[in-house]
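Going line by line, the protein sequences match chains A and B.
Okay, so the first sequence: first residue is 49 according to this note's numbering, each after it adds one.
Okay, so the second sequence: first residue is 347 according to this note's numbering, each after it adds one.
If you are wondering where the hints come from, they were derived from the structure by calculation, not from laboratory data.
Each hint should be verified, as a subset may be incorrect.
[What the hints assert, rightly or not] With a Cα cut of at most 25 angstroms, we get these calculated DSS-like pairs of lysine-lysine:
| no. | chain 1 | residue 1 | chain 2 | residue 2 |
| --- | --- | --- | --- | --- |
| 1 | B | K364 | B | K416 |
| 2 | A | K51 | B | K403 |
| 3 | B | K349 | B | K401 |
| 4 | B | K349 | B | K399 |
| 5 | A | K51 | B | K401 |
| 6 | B | K364 | A | K86 |
| 7 | B | K364 | B | K417 |
[Stated by the list, open to error] The following label-pair restraints were derived from C-beta to C-beta distances:
| no. | chain 1 | residue 1 | chain 2 | residue 2 | range |
| --- | --- | --- | --- | --- | --- |
| 8 | A | P89 | B | K349 | 14 to 22 angstroms |
| 9 | A | Q105 | B | G362 | 51 to 59 angstroms |
| 10 | A | R111 | B | K364 | 20 to 28 angstroms |
| 11 | A | V133 | B | R419 | 40 to 48 angstroms |
| 12 | A | P162 | B | S428 | 40 to 48 angstroms |
| 13 | B | R360 | A | G110 | 42 to 50 angstroms |
| 14 | A | Q117 | B | R390 | 23 to 31 angstroms |
| 15 | A | E74 | B | S428 | 28 to 36 angstroms |
[As the list claims (entries may be wrong)] Selected chain B positions facing chain A (in silico; Cβ < 7 angstroms):
| no. | residue |
| --- | --- |
| 16 | T448 |
| 17 | P453 |
| 18 | G454 |
| 19 | T458 |
Keep in mind that this is a model prediction, so the values were computed, not measured.
Each residue gets a CB set at the ideal place from its N, CA and C atoms; glycine is no exception.
Each chain is listed here by its residues.
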Amino acid sequence: AQKVTQAQTEISVVEKEDVTLDCVYETRDTTYYLFWYKQPPSGELVFLIRRNSFDEQNEISGRYSWNFQKSTSSFNFTITASQVVDSAVYFCALSVGTGNQFYFGTGTSLTVIP
Amino acid sequence: DVKVTQSSRYLVKRTGEKVFLECVQDMDHENMFWYRQDPGLGLRLIYFSYDVKMKEKGDIPEGYSVSREKKERFSLILESASTNQTSMYLCASSLAGGPVDTQYFGPGTRLTVL
């Protein structure tokens, strides 16, 4: 069975602080894909990153970085120097093999206080 | 850019009414999905479709049906709306074939059943 756990329900940080959102996944498949999405107050989920199980390189995109560690089944997301516009709900998701179904975590609500 | 649109952002219906939620994508994607999002539960898959006139049940199909007559359009139908179907409904689409592809989401429809 597949499962994604985002243990942090809500996080508040002060602007310019760094913040890490945790994502732990469970699967017995050796081929899988991990995703992060951002859901701002407007409601639309915005795709941030896709990572396959064979690529453990960390990725950086501007203030965003992702740390993929198969040894701990984690795919954590760090925002550096947070801004108010980063306030949103962030979802981690897993898909396995060539299947179409995504398994979403319950999301982490991030509030950045000015 | 992928564009997924949903017919309504907000909808209020009465118990027992038949409700249609429409989703249209303009990127010629084969796969389309309907999710509902509830606080603390994340996104749960209701139905998905991988081709015209094809559909597959997701995790919570009870009380819902779907229709896909054209490739770009995927409709979610609540045959007899109930108050426990009050929720945010999100539509998504993705390419088919080969490895799992990213799902792109619409803005969501917030449905209230009175």
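Hint by hint, where does the structure go against what was stated? Just the numbers, ascending. 6, 10, 11, 19
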